[in-house]
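As they're listed, the protein sequences go chains C and D. Residue 1 is where the first sequence starts when you use my numbering, and the numbers rise one by one after that. Residue 1 is where the second sequence starts when you use my numbering, and the numbers rise one by one after that.
Derived from the structure by calculation, the hints contain no laboratory data. It is possible that part of the hints are untrue.
As the list claims (entries may be wrong) - Here are the simulated DSS-like pairs of lysine-lysine, each with C-alpha atoms no more than 30 Å apart in a straight line:
(1) D:Lys30 to D:Lys304
(2) D:Lys304 to C:Lys243
(3) C:Lys329 to D:Lys378
(4) D:Lys421 to C:Lys389
(5) D:Lys201 to D:Lys304
(6) D:Lys434 to C:Lys243
(7) D:Lys201 to D:Lys226
(8) D:Lys143 to D:Lys421
(9) D:Lys421 to C:Lys42
(10) C:Lys243 to D:Lys143
(11) D:Lys30 to D:Lys203
(12) D:Lys48 to D:Lys195
(13) D:Lys226 to D:Lys434
(14) C:Lys243 to D:Lys188
(15) D:Lys44 to D:Lys188
(16) D:Lys44 to D:Lys201
(17) D:Lys143 to D:Lys304
(18) D:Lys30 to D:Lys226
(19) D:Lys48 to D:Lys179
(20) D:Lys271 to D:Lys434
(21) D:Lys270 to D:Lys304
(22) D:Lys421 to C:Lys243
(23) D:Lys30 to D:Lys48
(24) D:Lys48 to D:Lys203
Said to hold, decoys possible - Across the chosen pairs, the derived CB separations fall in these ranges:
(25) D:Asp366 to C:Arg222: 51 to 61 Å
(26) D:Ser115 to C:Glu403: 47 to 57 Å
(27) C:Arg326 to D:Gly116: 54 to 64 Å
(28) D:Gln436 to C:Ser46: 28 to 38 Å
(29) C:Pro414 to D:Leu147: 52 to 62 Å
(30) D:Gln436 to C:Asp415: 22 to 32 Å
A virtual CB, placed ideally from N, CA and C, is assigned to each residue, including glycine.
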Amino acid sequence: MECLIGIDLGSTTTKAVVLDGEGRLVGRGITNSRSNYDVAAKVAKSEALINVRFEMLKRALREEARLGETLASFEASLLAGYRLECFLGSLRRLEAHCRRDLENARFEDDRPAMQEALQRIFAGVEASARRVFEPGSVARSDFFRDLAGSSYVELAAQVARAGGPSFDRLVGVYDRNIIPVENETETRSFEELLLEAFAHVPAPLRGDERAIERLLREVSTRNFEVVRTVGTGYGRVRLPFPKDCIRSEILCHGLGAHLMFPATRTVLDIGGQDTKAIQIDDQGVVTSFQMNDRCAAGCGRYLGYIADEMNIGLHELGPMAMQARRRVKINSTCTVFAGAEFRDRLAAGQSREDIVAGLHRAIILRAMSLLARSGGIANEFTFTGGVAKNPAAVRALREVAEENYGKLTLNIAPDSIYTGAIGAATFALRDVLAAARQS
Amino acid sequence: MSTTFVNLSSAEERRAAANAIKDQSQERQKELIAGYFSSLAQAKANGKKVIYTFVPGNLTELIANFDLLPVLPEINALQNGMRGRTGDFIHLAEKGGHSEDVCTYVKADIGMLRSGNVGPTGEPLPKPDALLLSYTGCFTFLKWFELLRAEYDCPVIMLHTPYQGSGQITPAMREYVVKQLREVVIPKLEEISGKRYDEEKLKAALARSARAEEDLVGVLESAKCKPSPIDAYFGGVYYIGPIFTAFRGTQEAVDYYQLLRREVEERAAKKLGPVTPEGALEHERYRLVVEGPPNWTSFREFWKMFYGEGAVVVASSYTKVGGLYDRGFRHDASRPLESLADYCMGCYTNLSLPDRIDLLARYIEDYEADGFLINSVKSCNSFSSGQLLILRELERRTGRAGGFIESDLVDPRYFSAANIKNRLESYFQMIEAKRQRV
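Chain C with its partners taken away, still in its complex shape (with noise of 0.2 Å):
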C-alpha cells in the first residue's frame, strides 16, 4: 500500500498519521516526546503504521475469520494482548537497565537489599500491568514512562515502609534508567508480537488457530510503501529528513483544521508549551496568527503542574472541574506559580473542584486575549491540541467565546489531537501530486 506520513512533534506529545493514497485517514499513532526527538518520531510512526496493521487485521478478521459473535472479544483481546506484551518489553528492558545499575560502586553498601526491592517491585509492576491490560479496562496513560512509573513509584513507597532501602534510592535508579528505555525501540518485529498477544488470547475466543495465525502473518508482513513524511511541530527542525519536507505547524493545523471542519475559520490550539490563535480562508489556507512568546503561562503545562501538584492524572483534572459549584476567579496563569495559587486558594477553604474549575477559565481567558490579537473570532471555529480533550477548557471556552463573539459553532474532533499531523500528511499528499503534475 502507498502512505503519506504526518508527524508532528510536539513538546509534550509526538502524533503520527498515515493516509492512504486517496487522502483518507488509515492510522494514527502518539507517543510521549521524551529527552529525543528522533525517537519519538521514530516511536509515534511506527505506532501509526502499527495502527493502520491493526485496522487492516480488524476487517481481514470480519472477511474471513469466521469468530462470528465472538469477534469483538476476540479483538479485544489481541489488542490488549499486543499492548501488554509492548508493555513487558519495555519493562524487561528497564529491569536490565536497573541492574545493571545495581553494579555501580555506589551500591556496595546495600546491593543485595536494593536487588531484593527491585525483585519485588518488577514483580509487582508486572502484575499490576496484566490488570491494567485486561481486555476492556481504561489505562491512566497510553505512555510506558506514565504507567511504569507511578506503578513503581507506589510500590517503591510500600517497600521502603517496609523496611527496604529509602524511597529516594529506589525512585533514583528508576529514575536513571527510564530515559535509555525510553530511546529505546522494539526490538521483535510487529509479526512476533501479534503472534505473542494471540498467545495471551483466552481458549474460547480462538477459533480457528491456524487459520488465524495464518492471517496474523499475513497481515503483518504486507508492505507498506511511506511515499512521502512531512513533519510539523516545535520539535520539526530536529526531524531528521530534508526541509522541504518540514512545515510549520501553524500551517499544518490551520490545515488540518479546515479538512476536519471545512467551514472552520478561527482555530485555537493550545498545546504543551505554545497556545496558537490561527485565522484561515476557506481553503484552510492561513491568512494571520498569534502565537504566545517569551511565557508559555496557561499553555497546557499549566493543568500538567496543576494535575502533579494534586498528584491526580492529567485527564482527571477536567472532570473534576467539572463538578466545580461556585466560579473561583483566578488571575495568574504563571506555570510556575500555578502550585502556590492552588495551594493559597485551598487554605482559603474553596473547593478543588471550584479552584480547578478557576483554572480553566484562566488559561482560556489567556488565549482569548491571543484569539483577539490574531483578529478575534469567526465562526465556524475549532478547537485543537491537547487541551481541547479536557472537557472543563472546552466548556470554559464555549463560555468564554460566546460572551465576547456570540452564539457560534464550536468544534472539536474525536482525533483533535492528531490536527496538526493530519495537515502535514495532506502537505505530503499535495507534494506528491503537485510533483506528479509536474512531471
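Starting from the known structure of chain C, fit chain D onto it as the hints suggest.
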C-alpha cells in the same frame, strides 16, 4: 533607475563582485563611525564641548554650528547591544533600582555610565556640557535626560515638539518650534559654546544635508528593483548610520552617500541581491515591509532568519526614525530654522497612527511587497503602541500577509531565538501558501 541586465557567468563571480562592492562603502561607513567615537574620546583634550541629544529630531547642523559634538545615547546603547555588552549594563541598572519594564536603551545607558562610561568602541565617552532634548514625542527621552541631568548636573535645553495628531504640520506648529529655536535653543547653545550663531554656516550645512538626503533616498528606493539590491532594514541600519548620527550636514556624509548610491545602483544594474554577512543573497523569495526597530543583541542571528529563507526587507519604518526623506522632506538652506522645525516634527514616531498606516500601506504597494512584518519591541512604547491595530488595518487594506513577532532592543533576555524563528518560518510559509492559492 537604469536596470541594465549584466550577465555574470558564475555565482562565484557574482559573489566576488558583491564583496568588492560591499567593501568600499562598508569600510567607509565603519571609518566614519569609528572616527566619530574617537573624536568623542578626544573631545575634552581638544577643548571641544559636548551635547547629548537623541536621533529623532536631532539638530546636528545646529550643534555643529557652535563647534559642539553630539553624543547620541541610543546609538551608544544599540552599538553596545551589537557588541554583547548590554546584558551586564542592564543588570547593573536594575541593581540600581530601575525596573524591568523601563526602556532597555535607558538601562543600557545607565549601566554603561555606572561602569565608567566607556563607549562601544572601548574609548571613553565625554561628559555632557548640556543635554539637548529636541524631540519630546518619546516621553522616555524626557525621563532619560532627567536621570542624566541628576547624574551630570548639567543644563538641559528642551525643545517641545508638537505631535502631528492631524497628520500635518501647520504653520502655527512650525512657528512655535522656530520661536523656541530662536529664543531658547540658540541662545543656550551660544552660552555653552561661547560662540555666536552663524546662519550662513548653517545654510551651507543644510545644503550639504539635502544632497546626502537625496542620495539616501536613492539608495532606499533602489529596493523597488527586483531583485532588490539592498536589504532596507538589516542593511538599512548601516546605511542610515552616518546621516542619523553626527554626519548630517558634513562633506563626509555627502561623499559617503554618493559612493553608497553609486554602488547600490551598480548592484541593481547587475541584478545582484543584497549583501548579507554570508555574501550576496542569490535568490529573493520574499519581499517584506518591516515595522519596528530591530533586535540588536542578536542582530546577526535575527538577520540570518530572514536571508536564510530568502527574505529581503524592501522598506522599513525604522530606517525613517531619523528622517522621512522619502516623503519629500529635505533640509532647506533657504528656510533654515523652519526646515529644522519640520524635521523635528517629521520623525516617524511623531506621526499619527493613521499616518503610519498610510505610509506602510504605500510602502507595501510601491515596493511590491509580499507581506509586512511587525517586530514589536517590549522596550519601546513610541513604536509598539497601536501596532496590532496597524497590522489589522494593513491586512484589510492590502490583502497581503501580516506577521507579528516580539523581541527587544538591547535586553538579550527578550530575544527567544527558537520562538522567533518558529514564527518567521510560519510566516514565510503562510506567504508561500497564499501565493499558491492565488
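Original post:
Has the hinted range 54 to 64 Å been met by the Cβ atoms of Arg326 of chain C and Gly116 of chain D?
Top reply: holds, 59 Å
Original post:
Between Pro414 of chain C and Leu147 of chain D, is the Cβ distance one that fits in 52 to 62 Å?
Top reply: Distance hint for Pro414 of chain C, Leu147 of chain D holds at roughly 59 Å.
**OP:** Note whether the CB distance of Asp366 of chain D and Arg222 of chain C lies within 51 to 61 Å or breaks it.
**Re:** holds, 59 Å
Subject >> Given hint Lys42 of chain C paired with Lys421 of chain D - CA-CA distance at most 30 Å >> reply: holds, 25 Å
Original post:
For the pair supplied as a hint, Lys270 of chain D and Lys304 of chain D, is the alpha-carbon distance within the 30 Å limit?
Top reply: With a Cα-Cα distance of about 23 Å, the restraint between Lys270 of chain D and Lys304 of chain D holds, given a limit of 30 Å.
Original post:
Are Lys434 of chain D and Lys243 of chain C close enough, with their CA atoms no more than 30 Å apart?
Top reply: holds, 20 Å
Subject >> Hint consistency between Lys30 of chain D and Lys226 of chain D [alpha-carbon to alpha-carbon, up to 30 Å] >> reply: holds, 28 Å
Original post:
Quick one, are Lys329 of chain C and Lys378 of chain D close enough, alpha carbons at most 30 Å?
Top reply: Given that 30 Å is the threshold and the Cα spacing comes to 28 Å, the pair holds.
Original post:
Is the hinted pair Lys421 of chain D and Lys389 of chain C satisfied, with a Cα-Cα distance of at most 30 Å?
Top reply: holds, 29 Å
Original post:
Holds or violated: Lys30 of chain D with Lys48 of chain D, Cα cutoff 30 Å?
Top reply: Holds, at about 23 Å.
Original post:
Holds or violated: are the alpha carbons of Lys143 of chain D and Lys304 of chain D at most 30 Å from each other?
Top reply: Violated, at about 35 Å.
Original post:
Does the structure keep Lys243 of chain C and Lys143 of chain D at a Cα separation of 30 Å or less?
Top reply: violated, 48 Å
Consistency with the previously given hints fails for numbers 5, 7, 8, 10, 14 and 17, ordered from lowest to highest.
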